[in-house]
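Peer 1: What follows is the residue order along each chain.
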Amino acid sequence: MSRLLITVLALAASSLAFDAAAAGNAEAGKKRAYTCTGCHGIPGYKNTYPMYSVPRIAGQSETYLVNALNAYKKGERKHATMSAQAMSFSDQDIADIAAYLSTAK
Amino acid sequence: MRTLPLVSIALLALSPAAFAAGDAAAGKAKSTVCAACHGPDGNKPIDANTPKLAGQHEDYLAKVLRDYRSGARANAVMGAQVAALKDQDIDDLAAYFASQKGELKEIPHK
Chain A
1 MSRLLITVLA LAASSLAFDA AAAGNAEAGK KRAYTCTGCH GIPGYKNTYP
51 MYSVPRIAGQ SETYLVNALN AYKKGERKHA TMSAQAMSFS DQDIADIAAY
101 LSTAK
Chain B
1 MRTLPLVSIA LLALSPAAFA AGDAAAGKAK STVCAACHGP DGNKPIDANT
51 PKLAGQHEDY LAKVLRDYRS GARANAVMGA QVAALKDQDI DDLAAYFASQ
101 KGELKEIPHK
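Residue numbers (my numbering), protein chains in the order written: chain A, 1 to 105; chain B, 1 to 110.
If you are wondering where the hints come from, they were derived from the structure by calculation, not from laboratory data. This one's a predicted model, so the numbers in the text were calculated from it and none came from an experiment. Keep in mind that the hints are not guaranteed to be accurate.
Said to hold, decoys possible - To list a few chain B residues with every Cβ distance to chain A over 10 Å, as calculated:
| hint | residue |
| --- | --- |
| 1 | 23 |
| 2 | 77 |
| 3 | 80 |
| 4 | 82 |
| 5 | 87 |
| 6 | 109 |
Said to hold, decoys possible - To be clear about the criterion: a stretch of chain A counts as covered by chain B if any three or more of its residues have a C-beta under 8 Å from a C-beta of chain B, and this derived list gives those stretches:
| hint | segment |
| --- | --- |
| 7 | 31-45 |
| 8 | 70-79 |
| 9 | 85-91 |
For glycine and all other residues, C-beta sits at the position ideal for the given N, C-alpha and C.
All chains, full assembly: derive it from the sequences and hints.
Peer 2: Structure (structure tokens):
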């Protein structure tokens, strides 16, 4: 096997590994999270039918947020607005949003 | 209609029961099991997979616990933990964790 081919394969493998981990970028997540503030940024904002306060999610555990968004995306966790939002997000978007929210001060 | 006032009074009498107020002190006494994963005050989870509860909205926590109990929200660990909880237990736990100081807050606008 040529050295070039080995290098190419090694690069391909490392980029795959990076994708699987999908490290979040808080700066990118902050831009993506702008829409979230429409509900999760308003103190006392209520979900209707049924009525309850939308959760506080800034400062929440990072992996928990990733799992929550993926659960909405797959329909395992049901909420019309949240599913619609989550379905528009890539894995990278979700990682970025979770990185931002978990560290938002 | 003569029955209307009676119906109104009956509804008023029912509404406090439907939104049973939680007792934070009683909730604290029931929260020992929760502390194992979420931390004693609900603000020190054992890993990033486990949510912080301290300072979360009381009515949201009560809803989530009921959803775990009914299976509307599926989670093996939480489903097992809440299976035996009564409504009053759920409301007490929600009141306790909501009253704790923590890092949860609304998303900042800046």
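Peer 1: Against this structure, judge whether each hint is valid.
Peer 2: Outcome of the hint check:
With a least CB separation of 19 Å from chain A, residue 23 (chain B) remains clear of the 10 Å interface cut-off, as annotated. Once the 10 Å rule is applied to beta carbons, residue 77 (chain B) is consistent with being away from chain A; the minimum gap is 13 Å. Consistency note on residue 80 (chain B): stated as away from chain A, and its beta-carbon is indeed over 10 Å from all of that chain's, at 18 Å minimum. Once the 10 Å rule is applied to beta carbons, residue 82 (chain B) is consistent with being away from chain A; the minimum gap is 16 Å.
With a closest Cβ-Cβ approach of about 15 Å to chain A, residue 87 (chain B) is found to remain outside the 10 Å limit, as its non-interface label requires. Its beta-carbon lying about 6 Å from the closest one in chain A, residue 109 (chain B) breaks the requirement of being farther than 10 Å from that chain. Remark: the segment 31-45 of chain A is confirmed as covered by chain B, as 7 of its residues place a Cβ nearer than 8 Å to a Cβ of that chain, reaching the required three. Only residues whose beta carbon comes within less than 8 Å of a beta carbon in chain B count, and the segment 70-79 of chain A has 3; three or more means the coverage holds.
Here's how the segment 85-91 of chain A fares: 0 of its residues keep a CB closer than 8 Å to some CB of chain B, so the rule of at least three is not met and the hint is violated.
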